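Residue numbers (numbering that gives the first Met the number 0), protein chains in the order written: chain A, 0 to 350; chain B, 0 to 350; chain C, 0 to 388; chain D, 0 to 388.
To be clear, the hints were calculated from the coordinates, so they are not data collected in a lab.
Taking lysine to aspartate or glutamate and the DMTMM-like style, the derived pairs with C-alpha atoms no more than 25 Å apart in a straight line are:
(1) B:327 / C:362
(2) A:49 / D:288
(3) D:11 / C:19
(4) B:126 / D:362
(5) A:327 / D:138
(6) A:211 / A:267
(7) A:211 / C:362
(8) A:327 / D:351
(9) A:277 / C:369
(10) B:277 / A:303
Here are the in silico distance ranges between beta carbons for each label pair:
(11) B:250 / C:224: 56 to 66 Å
(12) C:16 / A:65: 30 to 40 Å
(13) C:302 / D:39: 51 to 61 Å
Quick caveat: nothing in here was measured; it's all calculated off a predicted structure.
The beta carbon of each residue, even a glycine, is placed where N, CA and C say it ideally should be.
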Amino acid sequence: MSTVAEAAAARAAASAGPEPVTFAKALTTAMADAMRADDGVIVFGEDVAKLGGVFRITDGLMAEFGEQRCFDTPLAESGIVGMALGMAMNGMRPIVEMQFDAFAYPAFEQIASHVAKMHNRTRGRVKLPMVIRVPYAGGIGGVEHHCDSSEAYYAHTPGLKVFTPSSVADAYRLLREAIASDDPVVFMEPKKLYWSKEAVDLAALREEVEAKAGQKAEGRAAVVRPGTDATLIAYGPAIPPALAAAEAAAEEGRSVEVVDLRTIVPFDDETVSASVRKTGRVVVVAEAQGFASVASEIVARVQERCFHSLAAPVRRVTGFDIPFPPPKLEHWYLPSADRILDALDDLQWED
Amino acid sequence: MSTVAEAAAARAAASAGPEPVTFAKALTTAMADAMRADDGVIVFGEDVAKLGGVFRITDGLMAEFGEQRCFDTPLAESGIVGMALGMAMNGMRPIVEMQFDAFAYPAFEQIASHVAKMHNRTRGRVKLPMVIRVPYAGGIGGVEHHCDSSEAYYAHTPGLKVFTPSSVADAYRLLREAIASDDPVVFMEPKKLYWSKEAVDLAALREEVEAKAGQKAEGRAAVVRPGTDATLIAYGPAIPPALAAAEAAAEEGRSVEVVDLRTIVPFDDETVSASVRKTGRVVVVAEAQGFASVASEIVARVQERCFHSLAAPVRRVTGFDIPFPPPKLEHWYLPSADRILDALDDLQWED
Amino acid sequence: MTIPAEAQEAVKRFGISIEDYMLPVHGQIQILSEDGTILPEDQRGSTPGHQYPVPSDKELLEAYRRLVIGRRVNDQNSALVRQGRLAVYPSSHGQEACQVAAALCLRDGDWMFPTYRDAVAVMTRGVDPVEAMTLFRGDWHGGYDPHEHHVGIQSTPLTTQLLHAVGVAHAAKLRGEDTVVLAMCGDGATSEGDFHEALNFAAVFHLPVVFFVQNNQYAISVPLAHQTVAPSLAHKAVGYGMAGERVDGNDVVALLAVLDRAVSLARAGSGPLLVEANTYRMQAHTNADDATRYRNEAEVQAWAAKDPLHRMRHYLTSTGHLTDDVETAFAGDAEEIAQHLRDGLSVEPQLDPQDLFRHVFTEPTPQLREQSAFLADELSREEPSQKEH
Amino acid sequence: MTIPAEAQEAVKRFGISIEDYMLPVHGQIQILSEDGTILPEDQRGSTPGHQYPVPSDKELLEAYRRLVIGRRVNDQNSALVRQGRLAVYPSSHGQEACQVAAALCLRDGDWMFPTYRDAVAVMTRGVDPVEAMTLFRGDWHGGYDPHEHHVGIQSTPLTTQLLHAVGVAHAAKLRGEDTVVLAMCGDGATSEGDFHEALNFAAVFHLPVVFFVQNNQYAISVPLAHQTVAPSLAHKAVGYGMAGERVDGNDVVALLAVLDRAVSLARAGSGPLLVEANTYRMQAHTNADDATRYRNEAEVQAWAAKDPLHRMRHYLTSTGHLTDDVETAFAGDAEEIAQHLRDGLSVEPQLDPQDLFRHVFTEPTPQLREQSAFLADELSREEPSQKEH
Ligand SMILES: Cc1ncc(C[n+]2csc(CCOP(=O)(O)OP(=O)(O)O)c2C)c(N)n1
Ligand SMILES: Cc1ncc(C[n+]2csc(CCOP(=O)(O)OP(=O)(O)O)c2C)c(N)n1
Ligand SMILES: [Mg+2]
Ligand SMILES: [Mg+2]
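With the hints as constraints, model all of the structure from the sequences given.
Next comes the structure, spelled out in structure tokens:
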């Protein structure tokens, strides 16, 4: 976890002024602000009310908005998502929490067959402004079924938007956008970042979002570190090791750009392609098992669009194609800065 | 459907001797043969017993093997898969049928969290010799939820093998191998091929399989049409249009090789790469929506392994990133020979 | 557990236990005999806490009119399948009493969540018949606006729609509206996990949802005995602290009585209820199915004798409410709708390939815009002759 | 429905209805009072068809020994978490009577399907305690061979294991074996769809599965009242045509009586049964949880008075079966296991990175072989110092 903490600290140090805020706090604040702004926004799931969620992301919402707007449900994920769909059909903007990645699987039919398709099958007559929050990925020493990276299942399902913030500001911004979206959003929260801190002025962000002042983050990848020699394309939990690798590469005299997708669906081909055309060398970094994954998609898109700019094959650094390992073995699995550096080294610099 | 029928007819005509057999019949025969060979092989699901399945793939099994070995369950897919897992733990080799692709989604948690992981989490002490048969994909004019291509969900899940035959002989061979496998296999059956026919001697195949004479099909892609100028990589329902495109290309003087993966997991990098190195030009064809799909994976692997052999970016012809269309619109969605030819034309032949 | 006020009332008034309140009657509620006479009160299967008044003659005559129309719609649609105008049609022939009662028991603001088999209920609720057939014609997944008549899109993934019904009711309740939601499914569908979750959520949140199970004895080829060994499907209510009731599903009088009361109990705050209607699917599962593979003609014939239309016609004729003139008028109404179906479905629908991309999201993503342009380009390069698919 | 022979027997003998057979007793079966005396027969909560003999003294003494060990194991493991030797431990402190009875009611050939909280039951069944802790130490997902003691891997995805239990029972039944399977879950878990599907499959296939629900009043922070409004969880049996029973989950005498009968009914062919034990999770959900956020100390203290060990100690002492010597011997047995846990868990497990790839399939795929080589290469290039993670 040191990499994560370090990267967060580095980012925090970089910006001056406001108090350090955790990723978790940004998410909580985003929900609270949205609930203040719109009575239709409600939050429910397992343990989200009195307990404030097992990660405390919904902490304080029941106290402020009452048990009608923040409540616990019976323990049944398909029930939670299916009921949310009905509520969204009938004027609400539900935000539901799946307690852990793998515990969203019981809701898979509701998500794939209904949430993703309702707008389309009714020719747009039924809108589903709902957010499915999924704490995901590893790096927290969680036991089996608590650390899956499940974004590919959702990204592969047409009709779902898939957001995944990696910075505190994006946690706030993207969650506000997800709640405001008339389309269903699967909101993937990298668990290991919950406790990361950055100096972010949430009040200023709120104003910006509510005034619709800034550019939307949806569909816009961010160049979180500029560079000229190679591009790391990553998202969510893979951003900290990518940044750490870029930092280390810089010390070795290599200028590495890091692109954070921020939203997997919609995908920002423009930003990604611009970076690749500039650098000509690419490593895609993702924590999920690599086979038929979002990382595969990024590789496919990049070579389709930037083939002649590529000086070397696009490399992937992803999780292995194995079930997420037990706590004591996860460090061998997680994409590390070293592993990313190895991949960067492999990009045929000699040519 | 004319393409399918034509391709099948062409293949049937090509081989001489045995009677034409349908793809469906090959599957039924594979199960019956396995049941005869091993008492532990049992078949269950919705409507598989008396009715013989809505596609009649299990027709006759209850009559021959009795209601203990081929039976209907209550209507609950998670129940079917979860129970199958328990039976596999306790000495049986269950084959379960999911009635249609999208109706396997209720079983997603059982498949992803248990079927895929049981062997691993118990350090191999629990083996799960079970087959989950999934009729999939379109081309049959099915209404919504009846034509999903769901192979990527399974292929992305470590611990599952994913087989998908496209020929009558492979239907038999791969299903026998799946049943014989001590690992769980998701067996994806392209619905539109059920009624395709080829002249195949099933008795000879049975002997070959039971004598373990031939090479295993698992993990071995097949070059179903040799060629030298470009490679089409496809599987399952995409094989007929790929073959039709290759045929049409030949008329235009272009020699196109067609590789049928046969099993997505395990993946045959060797055969695929060999073909790509030879031709230098590739189109990946798959019916599923393309984003974060098996097709993405194939593209990623090919460019990783054969980058310097590629004369042009690897192109994809896949379904669009939309919910599977209603019957009257599906022809605009399905990868057609024409669309594949367009993609082939795009492979920068001028360079 | 918190016992709902209505239940407390029943428990007090009839001196029954809370379980008696929840447990359905042992047989089933039936008011109209198979030969079309109103049964004496003590032969209706009712027990203390489970007594039902006979609906008004006016209500019954209108119900009969709807039955006639429903039967005509079923037969017309089956014919349209044979003529190739529809791709598939899951007929509710024989279940029209359930279909009609499900629609008539609701008010305008109420919601209905139907399955693929409930097209007649959907139309009875006011949805245009041709729009309701879009799904089965195959030019789009759903043809009507669920918000217009408060009818969910007909659901194919079994049982999933019950949870949507629960959500709609929950939203209404949070806003203080008195909406009742009727959630429909078949006997087979009760085995799915979503059935359990929907009933439990409705009960725990104390929502005005009436779960209406049409037990037509089969799930495709699988008979009820392979689906459950419970005394009845209505008994499943007990496990959720909910009241269950069982009713003759071919007796529209009993159906209206039971559903009317269920809806008014729910509206009054009783929490959800479960109603099982005992009926029969007279035809194959769909035109693609061959019912002779799994059931015999004698069984079908035994149920033919209980035909819901036949019983009502006999009853209403005997009471003088149904004269030949009225019968002719009803037949005319039915024929008008059949004609509308024939007309509407004989026109080839205008298909726009760009519809593929239009509704995936409220705004297409850049990826979808690209794919849409790709298809437009492909089509523009096609020979004119090929354009007509 | 087909009424199982045992049920028919009860129905006949006691003149009760089939619903009475299925419905649990209104209160709960309790044999041992909170202060440790055997209750008179008419105060045990039983009704006709629901009468239970008191297990033998020998059985009870052994049960008490297991309780002492179970409590020690819980406390030892909690201590090991604090010492950093375990990553997490969901303690069954307060639920040891359920844990012990669940294991003791089974024969060798029978199967048990436990949850993450059932480590004490797993050990009582014979699994090595250190192996059972592998999951919570974090060096592998499961530490024991499920086939060795016929104990499924402790399941985290809630309720899913009930279906595996059903499958194991089904396979045994098809082979004509008389295996009984005990399938365990918590109160919260009963809300999942898989609960419904598992109970229904077991009932329809008439399988010898005893579903054993430890209702410890909470699912993490969510109290039972937000989970269900049914009269009891045992009432859920009715909806599957199954008999349900409710028992004091802190009374090992009643638990053994009820579970022994359930197991022997199941073995004799009654089909499945559902037993709900009313108990309490005395500690937080896991060490990571803060129970003060959602429940108050008074409630916890009220349950402390019902402590399962305390009651049994009092009873066995009063009957003279438990002398100081015996008590000391039991404490010694417990300490031995605690020591074994301390020893076993103080050794850093040998970790082999190649284990990541070894068990995904029976034979690694070419892809896994490649990835395994990749990792081996990476590790071989690392500084020796970095190798020790
Ligand atoms: C989740 C799911 N599984 C399987 C199917 C396939 N299927 C369609 S209808 C049907 C039978 C449904 O029976 P029932 O609920 O009794 O309704 P009925 O058709 O008799 O009205 C099945 C198995 C489906 N549509 N959805
Ligand atoms: C499918 C699934 N959803 C959510 C969780 C997260 N979770 C773990 S334990 C728990 C509460 C379980 O409560 P209960 O069934 O009463 O068992 P107890 O912990 O009280 O023994 C929850 C919600 C999970 N493990 N699996
Ligand atoms: Mg039915
Ligand atoms: Mg509990």
